[in-house]
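Build the complex from these two chains, which are given one at a time in their own frames, with help from the hints.
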Amino acid sequence: MSEQEWPLYEVFIRSRGGLSHRHAGSLHAADDQMALNNARDTYTRRSEGVSLWVVRSDRIVASDPAETSAFFSPAEDKIYRHPTFYDIPDGVENL
Amino acid sequence: MTPEQALRAYVLRLGDNALILGQRMLELVAAYPELEEELANANFALDYIGQARMFYSYACECEGAGRSEDDLAFFRPEHEFRNLLLVEQPNGHFGDTIVRQVLFDVYYLSLLEALMRCSDARLAEIAARAEKEVRYHLRHAAQWLVRLGDGTDESHQKAQQSLDDLWRYTGEMFEVDALDEAMMTSFDGPDLNAIGVEWQKKLSGIVAEATLTLPQEKSMARGGKQGIHSEHFGYLLAELQILPRTYPGATW
Numbered sequence: 001m002s003e004q005e006w007p008l009y010e011v012f013i014r015s016r017g018g019l020s021h022r023h024a025g026s027l028h029a030a031d032d033q034m035a036l037n038n039a040r041d042t043y044t045r046r047s048e049g050v051s052l053w054v055v056r057s058d059r060i061v062a063s064d065p066a067e068t069s070a071f072f073s074p075a076e077d078k079i080y081r082h083p084t085f086y087d088i089p090d091g092v093e094n095l
Numbered sequence: 001m002t003p004e005q006a007l008r009a010y011v012l013r014l015g016d017n018a019l020i021l022g023q024r025m026l027e028l029v030a031a032y033p034e035l036e037e038e039l040a041n042a043n044f045a046l047d048y049i050g051q052a053r054m055f056y057s058y059a060c061e062c063e064g065a066g067r068s069e070d071d072l073a074f075f076r077p078e079h080e081f082r083n084l085l086l087v088e089q090p091n092g093h094f095g096d097t098i099v100r101q102v103l104f105d106v107y108y109l110s111l112l113e114a115l116m117r118c119s120d121a122r123l124a125e126i127a128a129r130a131e132k133e134v135r136y137h138l139r140h141a142a143q144w145l146v147r148l149g150d151g152t153d154e155s156h157q158k159a160q161q162s163l164d165d166l167w168r169y170t171g172e173m174f175e176v177d178a179l180d181e182a183m184m185t186s187f188d189g190p191d192l193n194a195i196g197v198e199w200q201k202k203l204s205g206i207v208a209e210a211t212l213t214l215p216q217e218k219s220m221a222r223g224g225k226q227g228i229h230s231e232h233f234g235y236l237l238a239e240l241q242i243l244p245r246t247y248p249g250a251t252w
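Keeping their order, the protein sequence lines are chains G and C. 1 is the number of the first residue of the first sequence in my numbering; add one for each residue after it. 1 is the number of the first residue of the second sequence in my numbering; add one for each residue after it.
In isolation and in its complexed conformation, chain C is listed as follows (with noise of 0.2 Å):
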């Protein structure tokens, strides 16, 4: 694999993140009982669907094969989809889909500052870009996980069994692969062992503001940046996908 590969392929992976995330917040659109918070979470879900568009118009141009953003969006099955499994698992109810969100966002934030001093600078201007929004997605969830956490008996234990929930997912985020090792020796890419020792340090300080504990467990899934991903996968695809399949180049 040439260095020109390697970031098309990773580059491809961090839109997949976004869309993927982005479209399980999507499912939530009008389903939120506050209506800033419903603005909120539609905000947000846009904003990860405004950086796949980034990732993805900057990966057609390196593959230089003439295909689209909506090609890569709209047109690979799933097992050409490298997302992480993290992103990918259902909203559930609400601590579900604050700690998803928590879990995932101090990892992205670290890997966008990263990235932003990557040596390929067209990457190094989307993870700019993305960083803002990211921080205030961040700020948003972090304090809503400190209100459920350190807020009622029941929302403390959900929140907590959220957390003991999603826990497995995490261990992938740090897994150094060989896209990961060919951006960190050719484009001055991020450490994943870096971003794991601050994340770790990060999200103890907001598990501990709302009281709830780390968990210990340390059998982790994996599969999502190989391309096997959970049972949920092919529905979200499906919904995801439908429409400009059954209708190709169809148009508003």
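Looking at chain G on its own, in the form it has when it is part of the complex (with noise of 0.2 Å):
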């Protein structure tokens, strides 16, 4: 008998109609429907959402946090970014 590993899924509920999925945690599975079969059985037993999605862990392409301060912290410093940093000039309407 094979005592190799099932891959492993993330698993994302939506906990109803019109809010994003959000990840709720992991499992083990031998295929994609297992996975969602699974996900069901594990994560949504006390009707904690309407809508399921399961993917490899290993299909995620996730940043690295060894490269943090080049992904993230340029961003700090631009202010300008944010439309706080914007004045309007009075008179503007329907903005």
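Think of the hints as simulated: they come from the structure by calculation, not from any bench. Fair warning: this is a prediction, and the values are worked out from it, not measured in the lab. Be aware that one or more of the hints could be misleading.
[What the hints assert, rightly or not] Label-pair distances were calculated between CB atoms; the ranges are:
1) G18/G - D188/C: 16 to 24 Å
2) P7/G - Q157/C: 23 to 31 Å
3) P244/C - L19/G: 21 to 29 Å
4) S57/G - I228/C: 33 to 41 Å
5) A30/G - R222/C: 31 to 39 Å
6) G92/C - S69/G: 56 to 64 Å
7) M184/C - D58/G: 50 to 58 Å
8) L19/G - L243/C: 42 to 50 Å
Ideal Cβ positions, reconstructed from N, Cα and C, are used throughout, including at glycine.
See below:
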């Protein structure tokens, strides 16, 4: 018998219509359909959702924690990217 | 037998099928090698126990003799249980468990769908609740059968063996007895002949997808519906009933 572990999947749940799917956790499954079943049986037992997404964890392309400074820090001092940076001239309506 | 008596006995029999299958599945709690399948099995088992409770409490109301669902589950002897032989068969290996589930659920789903259209409102309501659960159980079990049948040589061979072994317990499902007839004439109940045709068709599809072969064996075991059970049944019932019989009235 094979002792190989089933691949890991990430589970996303939409709790009700109109909201976006949110990451709920992960699970092991041998294939996509099994992952969907397992997500239903593991994460929606108490009516947590109306829609499920599952995706193999190794298919997710993630940012590297070691690259955090290059990825995210440059945004910190670019205050002009925020609308609050701009003065609104008097007399501008409907903004 | 009045139509009311027939209805009560019929509902009781539905409860017996659900209870005994649920009990069999509960024997597997904490035995699954994967956490997710463990949860699925326990969920499904409790779905059947929940269905048994709905059927039993309705049967008690029809009877009007003050018996409770617990009395029906825990204080009836073996021959008063009228569940199918199929649902009392031991869990065996995983292939046996899955094949038992597919064989029963294909039948049970069609039966519940027919009961949703019967003229007894309460029974139709219970059937509608159970139908949603069973539709999912079947999806789960059928996918597993395809994985096993269309998997490795070993899993294919084992799944085929399970199908061959359990086949002889399927004939009883479609055997029309006095209760089935009474349900059909008085309450617009399920037509087991039509359900048998549907069962053969749906099952053939699943079995073909699983690259397995439908057994051709015609000789069938019978007796469950008459209360004559296989030798495994006494052990199952003993485990199910020992606690309330040893400590009557025990509560949590």
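Evaluated hints:
1. Distance hint check: the CB atoms of G18/G and D188/C are about 41 Å apart, inconsistent with the given range 16 to 24 Å.
2. With their beta carbons about 26 Å apart, P7/G and Q157/C fall inside the hinted range of 23 to 31 Å.
3. Evaluation of the 21 to 29 Å hint for P244/C and L19/G yields a failure: the beta carbon distance comes to about 46 Å.
4. The given range of 33 to 41 Å is broken by S57/G and I228/C, whose C-beta atoms sit roughly 52 Å from each other.
5. Judged by the Cβ atoms, the range 31 to 39 Å given for A30/G and R222/C holds: they are separated by roughly 38 Å.
6. For G92/C and S69/G, the hinted distance range of 56 to 64 Å is satisfied, since their beta carbons lie about 58 Å from each other.
7. For the hinted restraint 50 to 58 Å between M184/C and D58/G, the CB-CB distance of approximately 55 Å keeps it satisfied.
8. Remark: the range hint 42 to 50 Å for L19/G to L243/C is upheld by a beta-carbon distance near 45 Å.
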